Amino acid sequence: MSEQVRIPYVAREKELKDLYLPMVAPEDRPQTALELLGEMLKYKRSLKLYLDVCTHCGACAEQCHSYLGTKDPYNMPVARVDLVRRVYKQVFASGPSFLRTWDGAKAIDQETIDLWYKYFHQCNQCRRCAIFCPKGIDTAEVTIAMRELLAHLGMPSRFHAGIAKNMAKTGNNMGNPLPAVLDGIEFLEEELKEETGLDIPIPVDKEGAEVLFNPSSSDLYVNTDGFMAVAKIFYKAGVSWTLSSKITETANFGLFFHEPSMREHSRLLVQAGKELGVKRLVAGECGHGWRTWRMFTETINGPLPFPVVHLFEEVLGYLRDGRIKFDKSMNPEVVTYHDPCNYARAGDLINQPRELLSACVQNFVEMTPTKELSFCCGGGSGILMDEAMKIREALAQPKAECVRSTGAEILCAPCAICKAQLPDVLEHHKVDVTVKGLSDLMGRALIL
Amino acid sequence: MADLNVNGVFIPLDEDGFLEDSDLWNEEVALALALTEDVEELTEEHWHLINYLRDYYAKFGVAPMIRKLCKETGFNLKKIYELFPGGPAKGACKVAGLMKPTGCV
Numbered sequence: 001m002s003e004q005v006r007i008p009y010v011a012r013e014k015e016l017k018d019l020y021l022p023m024v025a026p027e028d029r030p031q032t033a034l035e036l037l038g039e040m041l042k043y044k045r046s047l048k049l050y051l052d053v054c055t056h057c058g059a060c061a062e063q064c065h066s067y068l069g070t071k072d073p074y075n076m077p078v079a080r081v082d083l084v085r086r087v088y089k090q091v092f093a094s095g096p097s098f099l100r101t102w103d104g105a106k107a108i109d110q111e112t113i114d115l116w117y118k119y120f121h122q123c124n125q126c127r128r129c130a131i132f133c134p135k136g137i138d139t140a141e142v143t144i145a146m147r148e149l150l151a152h153l154g155m156p157s158r159f160h161a162g163i164a165k166n167m168a169k170t171g172n173n174m175g176n177p178l179p180a181v182l183d184g185i186e187f188l189e190e191e192l193k194e195e196t197g198l199d200i201p202i203p204v205d206k207e208g209a210e211v212l213f214n215p216s217s218s219d220l221y222v223n224t225d226g227f228m229a230v231a232k233i234f235y236k237a238g239v240s241w242t243l244s245s246k247i248t249e250t251a252n253f254g255l256f257f258h259e260p261s262m263r264e265h266s267r268l269l270v271q272a273g274k275e276l277g278v279k280r281l282v283a284g285e286c287g288h289g290w291r292t293w294r295m296f297t298e299t300i301n302g303p304l305p306f307p308v309v310h311l312f313e314e315v316l317g318y319l320r321d322g323r324i325k326f327d328k329s330m331n332p333e334v335v336t337y338h339d340p341c342n343y344a345r346a347g348d349l350i351n352q353p354r355e356l357l358s359a360c361v362q363n364f365v366e367m368t369p370t371k372e373l374s375f376c377c378g379g380g381s382g383i384l385m386d387e388a389m390k391i392r393e394a395l396a397q398p399k400a401e402c403v404r405s406t407g408a409e410i411l412c413a414p415c416a417i418c419k420a421q422l423p424d425v426l427e428h429h430k431v432d433v434t435v436k437g438l439s440d441l442m443g444r445a446l447i448l
Numbered sequence: 449m450a451d452l453n454v455n456g457v458f459i460p461l462d463e464d465g466f467l468e469d470s471d472l473w474n475e476e477v478a479l480a481l482a483l484t485e486d487v488e489e490l491t492e493e494h495w496h497l498i499n500y501l502r503d504y505y506a507k508f509g510v511a512p513m514i515r516k517l518c519k520e521t522g523f524n525l526k527k528i529y530e531l532f533p534g535g536p537a538k539g540a541c542k543v544a545g546l547m548k549p550t551g552c553v
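First to last, the sequence lines map onto chains A and B. Going left to right, the first sequence walks through residues 1 to 448 as my numbering numbers them. Going left to right, the second sequence walks through residues 449 to 553 as my numbering numbers them.
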């Protein structure tokens, strides 16, 4: 495998062991891959359909930020999926072999697998292509399936596998042990007291609380303004809430590459909610974590014992009921909104954040394109590895131009991945803007 | 990445240039790591930050939240970037021999 193909770094034996994933020798990979693909085609009907129905019309190509940003032909959604389709045509598709060869069939080899690794880690699973595909092909579904297949070939990315391992060990992606989490929370309570003069609690494991709030662990490391804002909002609305000491993570990286990790993450959270006897679970600012709840959890884990709502739905309820009020003048800057892909194209969250923004900022401007047509930040599906920074910068290029043309001073990007990706890549593209979560802005404007 | 040569002793680094084994850290290793981060000299202020990180790491096994790091060292984020151009996580943590913070950061 060439150096270029090893970006992002492939997991090592120690990460594979933790996830019970096998090591597969390079020469055995093609045969094992065929067996895995054959199995997947039996239970993933969407995958089979997407491999069958593409007409190569090319409508997707210019709509993909990955192709626009890298100009690498394999990053056209059609060409990316063709890396699998050609094997499918060779081995699994029906019809006479000469027709299939004519249709692009090609035998699998080690190089094919290296190409899968490289190009399925340059798709952000953003689903923009699916909006433009006349056949409705959703490349994100193919990328999810192929990353799962790669994981079972012993080739998840090191970054993803390490995070899934951290999650399994500590209940958060950063791998913060409970004493560190509690130390951070205690510190933030002191900060809240210093800032507001009020005793605003951040409860942990409070039995019988109405709400179990599940933040992203990065809210307890770097995005602390947003996290403190949530505590203030619950306080002002008079809602009894709690965190769980067992899980402080809404970012479910299992969605990106490993279904067992995704299932276990959701199971742990549901169990935590049940033990605490909460009435509902409120998910924090995290795009794909929200997509997992809205689109996958009930199918994969079974019926939920309580509703799971997004923070924006919850807070909008308070606002409409008059339980909280905002002072817009606290956010006088020009603010634009970046639609996280998993909210706008996979999670039914388009108008709610806009209603909240309109209530808490003075100068809101829309970006073009926007809502379900918005471009990805280029970090989606956990492409946040330092070693992939050049790729991340290229993937972010279309978004950077959209942000630049708004002239905004603040870019509201309410997703932990977007918040991690955008400041670095926008600086690279020389777009002068401050990236903030929606919670941060609501916290600034909240009248306590 | 190549191992770190500290006065003839080779200390293994991962691909991102962080120590593979944080137990191998000492002040000389810190100086060598600082050079990989374009920090030519470790001043009193650098050591103030490094020592805080190491104390926290010894107690909790991870890096502190950025807000706490700033508050308790008295350095704002801008100052930390001046001291370590790689920033608190990728610069300061590396020189202090901590693991690289991972996740959505």
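No lab work stands behind these hints: they were computed from the structure. Each hint should be verified, as a subset may be incorrect.
[Stated by the list, open to error] Here are the computed lysine-lysine pairs in the DSS-like style, where the Cα-Cα straight-line distance is at most 27 angstroms:
hint	chain 1	residue 1	chain 2	residue 2
1	B	K519	B	K548
2	A	K390	B	K526
3	A	K71	A	K17
4	B	K507	A	K430
5	B	K538	A	K390
6	A	K390	B	K548
7	B	K507	B	K519
[Unchecked claim] Which chain B residues face chain A? A few, computed with CB under 7 angstroms, are given here:
hint	residue
8	D464
9	I514
10	K527
11	V553
Predicted model, so just to flag it, every value in this text is computed and none were measured. We treat Cβ as the ideally placed atom computed from N, Cα and C, and that holds for glycine.
Hints the structure violates: just list their numbers, smallest first. 3, 4, 10
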